[in-house]
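Work the whole structure out from these sequences, hints included.
2 protein chains.
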Amino acid sequence: MVKINLKEKLSKFTDHWSPRIIAEMNDYQFKLVKIKGDFVWHNHDDTDEVFIVLEGEMKIEFKNETVELKEGEMFVVPKGVEHKPYAEKECKVMLIEPKGVVNTGDAGSNLTAPNDVWI
Amino acid sequence: MVKINLKEKLSKFTDHWSPRIIAEMNDYQFKLVKIKGDFVWHNHDDTDEVFIVLEGEMKIEFKNETVELKEGEMFVVPKGVEHKPYAEKECKVMLIEPKGVVNTGDAGSNLTAPNDVWI
Numbered sequence: 001m002v003k004i005n006l007k008e009k010l011s012k013f014t015d016h017w018s019p020r021i022i023a024e025m026n027d028y029q030f031k032l033v034k035i036k037g038d039f040v041w042h043n044h045d046d047t048d049e050v051f052i053v054l055e056g057e058m059k060i061e062f063k064n065e066t067v068e069l070k071e072g073e074m075f076v077v078p079k080g081v082e083h084k085p086y087a088e089k090e091c092k093v094m095l096i097e098p099k100g101v102v103n104t105g106d107a108g109s110n111l112t113a114p115n116d117v118w119i
Numbered sequence: 001m002v003k004i005n006l007k008e009k010l011s012k013f014t015d016h017w018s019p020r021i022i023a024e025m026n027d028y029q030f031k032l033v034k035i036k037g038d039f040v041w042h043n044h045d046d047t048d049e050v051f052i053v054l055e056g057e058m059k060i061e062f063k064n065e066t067v068e069l070k071e072g073e074m075f076v077v078p079k080g081v082e083h084k085p086y087a088e089k090e091c092k093v094m095l096i097e098p099k100g101v102v103n104t105g106d107a108g109s110n111l112t113a114p115n116d117v118w119i
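Going line by line, the protein sequences match chains S and F.
Quick note: the first sequence uses the numbering used here, first residue 1, plus one each step.
Quick note: the second sequence uses the numbering used here, first residue 1, plus one each step.
Worth flagging that the hints you see were computed from the coordinates, not collected in a lab.
Careful: at least some of the hints might be erroneous.
Stated by the list, open to error - Chain S stretches covered by chain F per the calculated footprint, using a threshold of three residues with CB under 8 angstroms from any CB of chain F:
1) 3-13
2) 26-35
3) 46-53
4) 69-75
Claimed, not checked - Computed list of chain S residues with no C-beta within reach of chain F, every gap over 12 angstroms:
5) R20
6) D38
7) N64
8) E65
9) V102
10) G108
11) N115
12) V117
These figures come from a predicted structure and were not determined experimentally.
The beta carbon of each residue, even a glycine, is placed where N, CA and C say it ideally should be.
Put into structure tokens, the structure is as follows:
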């Protein structure tokens with residue numbers, strides 16, 4: 001029963017592509033992540049994934065199009081759809097997805113981050 | 001595969017206490033709602049419910065405490081916990097909860113709104 005301040009939570013880490021859990025709702029989790037540069041192509045076989053841009057700009061590349069997201073914009077990546085997040089400058093993002101989702105999905109990578117780190 | 005701009009969606013309605021669906025992730029929904037004044041005491045027996053304040057300030061009253069939320073703050077109301085949202089001035093909020101949740105939960109009220117209106 002504690003409120004969560006997004007900016008205060010964002011101030012607690014500086015690394016990129018390593019989501020931190022800030023809240024749980026049933027079996028879903030809210031995570032914050034700072035992204036910069038290219039991620040890896042991947043998909044999540046079992047679940048949709050929501051991106052909400054809190055600060056900055058990012059792109060999500062798909063095989064046939066690229067979506068550009070700015071602060072205050074959100075996007076639902078459907079399950080099973082290959083995508084590659086990208087940000088030219090650092091971008092701060094909230095992710096919502098089921099507990100246990102790995103950031104790189106089906107793609108093993110040195111960008112695979114722990115999926116159980118709370119802040 | 002369409003991005004969602006929260007401010008643009010918020011500009012599409014003016015009434016209070018009537019959530020609009022803006023996105024679906026698996027069997028969960030993202031809703032926008034404008035609130036002002038007192039809501040009713042209620043709980044949701046089967047699910048947690050997330051509030052994220054997008055603009056303004058609100059309170060969530062519980063039987064033993066009151067939580068104040070400002071822009072950029074979120075709160076998870078645990079399932080089964082009696083609560084009453086309140087806003088002195090209009091406050092714009094994003095709700096995340098499973099598809100089918102009714103805004104007044106277990107409490108019948110003239111504030112009960114349709115739970116299937118997309119914008």
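Verification of the supplied hints:
1. Closer than 8 angstroms: that is the beta-carbon criterion, and the stretch 3-13 of chain S has 5 residues meeting it against chain F, so the requirement of 3 holds.
2. Using a Cβ-Cβ cut-off of 8 angstroms, 3 residues of the stretch 26-35 of chain S lie near chain F, which meets the minimum of three, so the contact claim holds.
3. Check on the stretch 46-53 of chain S: 4 of its residues sit with their Cβ under 8 angstroms from a Cβ of chain F, so the three-residue criterion for coverage holds.
4. Using a Cβ-Cβ cut-off of 8 angstroms, 5 residues of the stretch 69-75 of chain S lie near chain F, which meets the minimum of three, so the contact claim holds.
5. No Cβ of chain F comes within 12 angstroms of the Cβ of S/R20; the nearest lies about 14 angstroms off, and the non-interface call holds.
6. With a cut of 12 angstroms on Cβ distances, S/D38 stays outside the contact zone with chain F, its closest approach being about 20 angstroms.
7. For S/N64, the shortest C-beta to C-beta distance to chain F comes to about 9 angstroms, within the 12 angstroms cut-off, and the non-interface label is violated.
8. With a minimum CB-CB distance of about 7 angstroms to chain F, S/E65 fails to clear the 12 angstroms threshold, and the non-interface call is violated.
9. With a cut of 12 angstroms on Cβ distances, S/V102 stays outside the contact zone with chain F, its closest approach being about 17 angstroms.
10. No beta-carbon of chain F comes within 12 angstroms of the beta-carbon of S/G108; the shortest separation is about 24 angstroms.
11. No Cβ of chain F approaches the Cβ of S/N115 within 12 angstroms, the least distance being about 17 angstroms, so the stated non-interface status holds.
12. With 12 angstroms as the threshold on Cβ separation, the claim that S/V117 sits away from chain F holds: the shortest Cβ distance comes to roughly 18 angstroms.
In summary, the structure is inconsistent with hints 7, 8 from the numbered list given earlier, while agreeing with the others.
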